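Participant: Spelled out from the first residue to the last, the chains are:
Protein chains: 2
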Amino acid sequence: MASSPVRRPGKKKVLIYGHYDVQPPEPLDLWKSPPFEPQIINNAIYARGASDNKGQHFAHLLAVESFLGSQNEAPCDVIFLLEGEEEVGSQSLTKFLREHKDILNCDCIVVSDSGMPARNLPALTYALRGVVALELIIKGPSHDLHSGVYGGAIENPAYVLCKIIAGLKDDQGRITIPGIYDDVRPLSAEERLQLARLPFSEDEFKKQLGVVKIFGESGFTTWERRAARPTIEINGITSGYQGEGSKTIIPSVASAKITLRIVPDQRPERVYELVRKHIEGACPDTVTLSIVPGHMGEAYITSYDSVYSRAAIDALRKAYGVEPVLMREGGSVPIVTEFKKILGVDSLLIGMALPDDNPHSPNEKFDIDSFYKGIEMSMLLLEEIGKI
Amino acid sequence: MASSPVRRPGKKKVLIYGHYDVQPPEPLDLWKSPPFEPQIINNAIYARGASDNKGQHFAHLLAVESFLGSQNEAPCDVIFLLEGEEEVGSQSLTKFLREHKDILNCDCIVVSDSGMPARNLPALTYALRGVVALELIIKGPSHDLHSGVYGGAIENPAYVLCKIIAGLKDDQGRITIPGIYDDVRPLSAEERLQLARLPFSEDEFKKQLGVVKIFGESGFTTWERRAARPTIEINGITSGYQGEGSKTIIPSVASAKITLRIVPDQRPERVYELVRKHIEGACPDTVTLSIVPGHMGEAYITSYDSVYSRAAIDALRKAYGVEPVLMREGGSVPIVTEFKKILGVDSLLIGMALPDDNPHSPNEKFDIDSFYKGIEMSMLLLEEIGKI
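For the protein sequence lines, the chains are L and G, in the order given. Here the first sequence stands for residues 115 to 502, numbered as in the working numbering. Here the second sequence stands for residues 115 to 502, numbered as in the working numbering.
Bear in mind the hints are in silico, worked out from the structure with no lab data behind them. Only a predicted model underlies this, so the values are computations on that prediction, with no experimental measurement involved. In this text, a Cβ means the ideal position worked out from N, Cα and C, and glycines have one as well. Certain hints may be false.
[As the list claims (entries may be wrong)] DSS-like mimics (lysine-lysine), calculated; alpha carbons at most 27 Å apart, straight line:
#1 G:K215 - L:K361
#2 G:K454 - L:K283
#3 G:K454 - G:K215
[Claimed, not checked] Beta-carbon label-pair distances, calculated as ranges:
#4 G:H257 - L:H409: 42 to 48 Å
#5 G:Q286 - L:K327: 31 to 37 Å
#6 G:E358 - L:N219: 35 to 41 Å
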């Protein structure tokens with residue numbers, strides 16, 4: 115943590131958050147240059163962490179340095195908060211927030227740890243989905259049984275698991291768990307217009323993911339499905355024999371890892387209870403069911419019409435010369451929820467990385483133009499916030 | 115193979131089949147005595163292979179030796195056929211059968227490689243189920259995807275797999291694949307009476323298998339379900355993340371290993387086609403489906419009223435002093451089908467092992483009384499066949 119030495123009266127205080135830890139660079143043989151020896155190729159710097167998130171965070175540092183060099187002071191007081199556990203859950207930082215609320219006291223938080231939807235299309239992310247994880251375990255016989263000798267005479271736990279999972283969604287992609295949509299905050303007309311501004315080509319999307327057809331909840335666009343609708347996904351299933359060839363058994367156990375993404379105003383605990391109750395009701399009495407709760411995280415949403423959001427929108431517009439898009443993202447960024455809960459402060463989520471910057475993948479890069487544009491944008495942002 | 119030196123005119127020729135290979139003895143720490151150092155404890159001989167199938171086969175050898183010692187000739191000509199690949203599918207023996215049909219020419223085949231339904235309840239098994247194996251593979255995206263970023267926007271292959279599997283049976287335990295029951299030979303009243311004679315305690319069955327409740331196709335008893343009805347079982351499912359904790363992905367692939375047990379007069383190729391067609395019809399166009407056929411084996415049935423079956427029933431009645439039960443078994447014994455197909459000869463399936471003899475498990479044993487009774491029964495059987 116590094117902070118302005120004194121709090122200047124009448125000045126806003128901005129916390130700029132980043133992380134210095136990175137994802138493992140493997141597989142190394144797919145890198146065209148060594149992941150920890152940065153090289154500039156085709157106007158981009160290639161290195162693990164270049165865009166996620168050292169390059170983006172460095173742009174903010176240079177913006178403040180630029181102010182200090184030219185004007186001897188920045189338009190706002192600034193705290194730089196840098197952690198080393200972002201890729202593994204930010205547990206220590208959450209503890210640090212609770213223990214140092216006083217010194218972290220600020221007016222707004224800036225996080226540049228994501229990407230832009232397209233080159234020259236800046237975005238302000240004002241909402242993120244939350245998560246509810248659970249594991250479903252169905253136990254049948256006490257040991258695997260010969261499927262010839264016992265097949266047909268007892269319930270197969272893998273079959274029961276499949277039946278329960280098959281009942282979680284309908285053919286229109288809607289979750290069938292009663293009450294699950296009760297608390298979902300509907301998208302406003304303005305929000306839908308903004309999500310419709312995000313670039314989307316069905317052909318490119320299919321090609322990028324390698325799917326034969328897109329599919330999701332009827333009545334919503336792909337961006338709406340990804341960003342603003344609750345979903346239930348099977349992350350993994352384990353049961354019985356999984357090796358080569360065949361082993362003719364009735365498996366003793368079948369289990370599935372399941373996560374839901376939740377949206378404002380769904381509460382994780384209530385969603386978990388609805389899912390638990392529904393699964394318990396769907397499970398026959400021929401097997402034993404256990405449901406193991408996993409991690410839970412709230413969805414995040416802030417107003418894109420607050421003074422800080424408007425300052426960010428103005429800065430983005432000035433830096434990039436186009437109207438920024440207001441977006442919601444489908445993933446979860448737990449630390450942003452913790453900032454809100456512990457410090458009571460909203461985050462401005464502004465990504466500088468380009469869509470092809472390969473965070474978490476081989477040949478991660480950060481575009482040099484994006485980097486300089488990021489410094490400019492950060493200076494404009496601090497100026498706009500300074501005006502509030 | 116060992117055979118009577120010359121074919122005596124007017125004498126029946128009996129082929130007695132056994133195998134000298136055994137299942138691996140592991141886990142060794144569960145054995146009370148070393149698996150390959152036979153020991154007699156409580157009037158039973160403990161060793162891997164004692165009941166499956168060396169002890170049972172040895173009883174037949176001693177029966178013939180006994181005839182040769184006392185009367186200088188057996189009531190029938192005899193071929194002993196012993197193989198070493200029974201536990202891995204009898205592939206070489208099948209080839210051997212085809213190449214040596216002439217010298218294996220016989221009137222009936224005796225196989226003692228199974229158990230009795232209870233001590234002092236002998237049984238003649240006159241039917242076995244066949245098998246149809248297949249693997250079902252559902253491919254979604256070309257690589258695992260972040261379930262936060264993409265969840266809800268494409269089809270999850272694990273979900274499709276579950277939905278297809280859930281549609282294979284109804285809540286009454288009946289297979290829902292159209293046409294699947296068309297060729298099933300119904301159980302006669304006499305067959306149902308015979309299966310009802312088999313010992314069955316619901317409480318003991320549940321305790322033995324460790325299940326909370328029995329379940330199977332409505333309208334049939336547990337023995338009928340195990341022995342004489344077609345079944346479809348999931349042998350294993352693989353998809354996505356299966357390690358500790360959670361990994362929030364949409365898996366790229368989901369697959370299931372499935373086997374059906376089929377009964378007389380179902381044909382494996384037709385059953386496979388019905389399953390394939392049904393699954394193809396059930397799979398949405400949002401994913402890619404492949405179905406990989408596995409091994410197939412026909413069901414086996416012979417008349418329990420043939421002269422050879424009647425000879426076996428008489429021999430069992432005389433040896434054990436009770437009326438033998440006529441039974442059908444749920445497992446598949448492929449070599450018996452090959453005997454019928456290649457040599458055109460039926461097998462008399464007569465088990466000497468007791469229900470607690472632990473074949474394939476630690477502490478396999480063979481009861482000494484069963485062994486001596488087996489020699490007596492084998493002698494009576496050869497005498498009865500000799501009278502035909």
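Participant: Next step is simple, just say for each hint if it's right about the structure.
Facilitator: Checked hints:
1. Of the pairs offered as hints, the one joining K215 of chain G and K361 of chain L is violated, with about 31 Å between alpha carbons and a cut-off of 27 Å exceeded.
2. Among the hinted pairs, K454 of chain G with K283 of chain L is inconsistent with the structure: their alpha-carbon atoms are about 49 Å apart, more than 27 Å.
3. With a CA separation close to 12 Å, the supplied pair K454 of chain G and K215 of chain G stays within the 27 Å bound.
4. Checked against the hint of 42 to 48 Å, the C-beta distance between H257 of chain G and H409 of chain L comes to roughly 24 Å, which is inconsistent with it.
5. Distance hint check for Q286 of chain G and K327 of chain L: the Cβ-Cβ separation is about 34 Å, which falls inside the suggested range of 31 to 37 Å.
6. Remark: the range hint 35 to 41 Å for E358 of chain G to N219 of chain L is upheld by a beta-carbon distance near 39 Å.
In this structure, the hints that do not hold are numbers 1, 2, 4, in rising order.
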